[in-house]
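Q: Residue numbers (the working numbering), protein chains in the order written: chain A, 1 to 355; chain B, 356 to 615.
Simulated from the structure, these hints should not be mistaken for lab results.
There are no misleading hints in this set.
Result set (DSSO-like, lysine-lysine): computed pairs, CA atoms no more than 30 Å apart in a straight line:
1. B:Lys437 <-> A:Lys101
2. A:Lys315 <-> A:Lys167
3. B:Lys385 <-> B:Lys579
4. B:Lys606 <-> A:Lys101
5. B:Lys437 <-> A:Lys20
6. A:Lys101 <-> A:Lys182
Distance ranges between label pairs, derived from CB positions:
7. B:Ile365 <-> A:Glu116: 55 to 61 Å
8. B:Leu450 <-> A:Phe132: 32 to 38 Å
9. A:Pro37 <-> B:Ile365: 55 to 61 Å
10. B:Asp511 <-> A:Ala128: 22 to 28 Å
11. B:Ile455 <-> A:Gly136: 46 to 52 Å
We treat Cβ as the ideally placed atom computed from N, Cα and C, and that holds for glycine.
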Amino acid sequence: MAYLDLNGLQKSFGANQVVKSFDLGIEKGEFVSLLGPSGCGKTTVLRMVAGFEAPSSGVIRIDGQDVTALRPNQRNIGMVFQAYALFPNLNVAQNVGFGLKIAGVPAAEITARVAEMLAMIGLPEMGARYPFQLSGGQQQRVALARALAPRPRVLLLDEPLSALDAKIRVSLRAEIRDIQRKLGITTIFVTHDQEEALSMSDRVVVMNGGRAEQVGAPFEIYNHPATRFVAQFVGTLNTLDGVVTDAALGEVTVQGQSLRLPQPIAAAQGATVGLALRPEVVHLEADAAQISRGDFALPAKIAAVQFLGAVIRVKADTAAGAISLDLFNRPDAPPPPLGAEVALRFRGQDVIVLG
Amino acid sequence: MKRMLSWAAIAVGVVYFFLPLVGMLEFSLKMRRGEYSLDAYRSVMGDPQFQATFGYSVLMACLTIVFGVLVVVPTVFWVRLKLPRLRPFMEFITLLPLVIPPIVIVFGYIRLFNTSSWLPLTGSALGTDFLLMCGYAVLALPYMYRAVDTGLAAIDLGTLTEAAQSLGAGWITILARVILPNVLVAVLSGAFLTFAIVIGEYVFAALLDRPAFGPYLVWAGGNKAYEPAALAVITFALTWACMALIQLATKFSKHTRMPR
Chain A
1 MAYLDLNGLQ KSFGANQVVK SFDLGIEKGE FVSLLGPSGC GKTTVLRMVA GFEAPSSGVI
61 RIDGQDVTAL RPNQRNIGMV FQAYALFPNL NVAQNVGFGL KIAGVPAAEI TARVAEMLAM
121 IGLPEMGARY PFQLSGGQQQ RVALARALAP RPRVLLLDEP LSALDAKIRV SLRAEIRDIQ
181 RKLGITTIFV THDQEEALSM SDRVVVMNGG RAEQVGAPFE IYNHPATRFV AQFVGTLNTL
241 DGVVTDAALG EVTVQGQSLR LPQPIAAAQG ATVGLALRPE VVHLEADAAQ ISRGDFALPA
301 KIAAVQFLGA VIRVKADTAA GAISLDLFNR PDAPPPPLGA EVALRFRGQD VIVLG
Chain B
356 MKRMLSWAAI AVGVVYFFLP LVGMLEFSLK MRRGEYSLDA YRSVMGDPQF QATFGYSVLM
416 ACLTIVFGVL VVVPTVFWVR LKLPRLRPFM EFITLLPLVI PPIVIVFGYI RLFNTSSWLP
476 LTGSALGTDF LLMCGYAVLA LPYMYRAVDT GLAAIDLGTL TEAAQSLGAG WITILARVIL
536 PNVLVAVLSG AFLTFAIVIG EYVFAALLDR PAFGPYLVWA GGNKAYEPAA LAVITFALTW
596 ACMALIQLAT KFSKHTRMPR
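Bound-form chain A, shown alone:
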């Protein structure tokens, strides 16, 4: 049995079932993200683990102990909230030591642990400050230290980076991951930001409509989405229609050109299937003469160019629809001009067949 075991969790609010039979096992020390759009049930799952919502059915076990009926203050679970939730009447040190004081830890031990926690989050001199005297990033670090100080069995992070500006988010997510690895604490991270989920997690649970659509490592989720929803929700996706010419060999035709996919297709000959491509697997050829015979290439016209810094996102119109592709920025190779006639090349093995 996994260290944290969520078995058959369901939750209904009146007639509205927000979580439908959710199963997940998380190993000790693992960092798992619940990723999904608003209303998919990810926060409700987290709140059930924390004890703030009682499941309509199902069992939650931590290290073999059934905690489903325990109150939140009896579960020994640390939680970090989107809104920081630092106690405004207490200074930083008092906030961090709050859980230890409740647990009746001797004052000397609290002082030592608080100092250790503040050093860990890089704010050793801030103990006497009040929350309103800290920046958003500092407040969230203190909230993390406060949650970790009582040595909880599980750490829950409820969109902790959502209220921060972009630069702080990136640095803080790396810090959170470092601290989590150092302490080896089992962590569930709820987010709607796929970049956060993919960059921080050991495994990602993509949720939709109260169910887990796919559970897997970030590489797996991104490159081998199990469902059309996962493929479309995680990352940017170009979709094309292909007509199956040989299902067993994985052959389709797109705009009259034949394309060989790496695996057989579960569809009848002559059927139309949805094909998907990530922007980074599409290559742009400005000169059609560069395309060798046998390569799959679609004629296209540049419709939009978005300069994002390191990456340039290009949108090109083809007879099969609009396709986005990413180019690395190179100072010696400016992006193609709007309206330029180009060819888009990709390999059959990079194509995802949508279920």
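Assemble chain B onto chain A, guided by the hints.
A: Just chain B, lined up with the frame of chain A:
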């Protein structure tokens, strides 16, 4: 022109409000013929009845504040946290003391808790004092409820409560260490308003026959000349002191100070 009119309106308001107070203050200082003196104040302060009734009312005010805080803070906390749909109902209930005359409430009390009732509170001085305190708490309810409700509205009650719960705190700890300190200024506002109401209250104390400051004020008004004016000035000063204390509490609440 508009500015002139505004200043004129303010001036009229100030004169309308302060002139009677100035007149009363001046009258209270004229006990000694031909010169200003504090004789009326000395007479009032030296009156054993003043000391007894004032002390009694201060004690009752303090007990009412404690009782009110113990009842109102957990109630408002629970309604905001768990039963937000009940808020309009609570608003209505807490406004009732403003529309039901105190005399109706006190007669209701006497009828319900007289010596031949199932709970004969009026049968003993202690029981009547308790009844009086409950009556005062009801009178102060609209102010205490609103003060606490406004204070709780200013904090992220749900998240703070959940944060404290996740750190192992039970309900009493959450109320005492997290919620109350964060609405202390609001609670103090309610407390000072309660104090001001209780000190001058007449109907409840008179009809329950308790030796409170309100009935003493009325008695003095009917039997003395200069002392009632001095008493009125003292009562005003007390009320204003309460208001000033509310401001001070707000100012010295360090964790509510905004960053510069």
